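Chain by chain, the residues run as shown.
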Amino acid sequence: MHITVNGKRVELEYEMSLGDFVQDRALKGMFAIEKNLKIINKEDYATEILHDGDSLEIVGFVGGG
Amino acid sequence: MVHNMNRYTKNNLSKEVQTKLLNSKVLVCGCGGLGSGVIANLAGLGVGTLGLCDFDSVEITNLNRQFIHKYENIGKYKAESAKEWVNSYNPDLEVITYTAPASEKMFPDYDIVVDCTDNFKTKFQLNDFALNTEKPLIHAGVSGINGQVMSIIPHKTACLRCVLDENQEEPQNPGVISPAVAAIASIESLEVFKLLTGEGEPLLNKVLFVNFKEGAFKTINFSKNPHCIC
Chain Z
1 MHITVNGKRV ELEYEMSLGD FVQDRALKGM FAIEKNLKII NKEDYATEIL HDGDSLEIVG
61 FVGGG
Chain B
1 MVHNMNRYTK NNLSKEVQTK LLNSKVLVCG CGGLGSGVIA NLAGLGVGTL GLCDFDSVEI
61 TNLNRQFIHK YENIGKYKAE SAKEWVNSYN PDLEVITYTA PASEKMFPDY DIVVDCTDNF
121 KTKFQLNDFA LNTEKPLIHA GVSGINGQVM SIIPHKTACL RCVLDENQEE PQNPGVISPA
181 VAAIASIESL EVFKLLTGEG EPLLNKVLFV NFKEGAFKTI NFSKNPHCIC
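Chains as they are written, first to last, in this note's numbering: chain Z, 1 to 65; chain B, 1 to 230.
In short, the hints are calculated from the structure, not lab data. Remember, it's a predicted structure, so these values are computed and weren't measured experimentally. Built from N, CA and C at the ideal position, the CB exists for glycine as well. Check before you lean on any hint, since a few could be wrong.
Claimed, not checked - Short, incomplete list of chain Z residues facing chain B, as computed with Cβ under 10 Å: (1) K28; (2) G53; (3) E57; (4) F61.
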């Protein structure tokens with residue numbers, strides 16, 4: 001299956017939760033994830049399943065001033 | 001305080017709006033990179049009272065971007081150094097300095113608080129102070145050539161805790177170049193202007209992300225998180 005991550009096509013071997021995706025990609029830092037134009041709350045990562053054709057936008061926050 | 005209104009002619013604002021700015025009080029937390037730009041912009045706009053909060057002192061490594069601090073002020077409290085700049089640029093403004101960490105008891109005296117701090121621990125603290133005192137807060141962060149800005153109306157729009165988990169790892173902050181931090185500071189200043197005057201549409205329930213390398217501006221919509229303390 002394929003999903004789109006920040007505009008780029010990404011292949012996933014199987015459907016997985018957003019939480020597993022975050023762990024799999026070792027995402028670090030302060031970030032938020034929009035799935036199909038809807039922000040997913042952190043509490044819902046484990047139950048939010050990625051399906052073929054989904055689109056993710058991962059945005060990183062920076063803390064300097 | 002008597003203001004020379006000629007000074008603001010090129011703001012091209014109605015007398016009513018300009019008077020609103022002159023009667024406004026804004027607390028700027030952090031007088032470093034973001035703070036330099038925000039303080040300069042607010043002084044130019046004619047925000048009548050500026051609270052300047054920073055417990056750090058000016059260091060030579062600040063001078064690549066913190067342009068309101070002069071070389072001869074190295075070693076001085078940034079808040080005091082910033083006050084010097086404001087007084088020399090626009091002596092009509094009232095400036096109150098705090099050379100201690102920002103605290104909740106400072107907030108009630110101001111209409112809006114601007115987060116110009118340089119770490120998430122403090123940013124979350126300011127978020128909570130704003131929630132407790134119901135004061136609007138402008139959040140921003142900048143690093144390298146990336147930055148983000150959002151405005152928060154406590155209990156009404158998404159707050160920092162709605163969009164981020166405090167337990168996430170604090171991102172590295174290796175430094176920032178002057179044009180990037182000045183640009184993010186200008187966007188923060190515009191948010192102050194919009195919230196004080198009611199002109200335009202503030203970044204409420206949304207975060208503006210800027211990637212200067214790619215010249216990309218992206219706005220992501222957020223909403224209040226039902227699990228959030230706000």
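Have a go at the E57 (chain Z) hint: is there a Cβ in chain B nearer than 10 Å to its own Cβ?
-> holds, 7 Å
Does the CB of G53 (chain Z) sit less than 10 Å away from some CB of chain B?
-> violated, 20 Å
For the hint on K28 (chain Z), does the least C-beta distance to chain B fall short of 10 Å?
-> Given a least distance of 5 Å, the restraint on K28 (chain Z) holds.
Hint check: is the beta carbon of F61 (chain Z) less than 10 Å from a beta carbon of chain B?
-> holds, 6 Å
The structure shown violates just one earlier hint, number 2.
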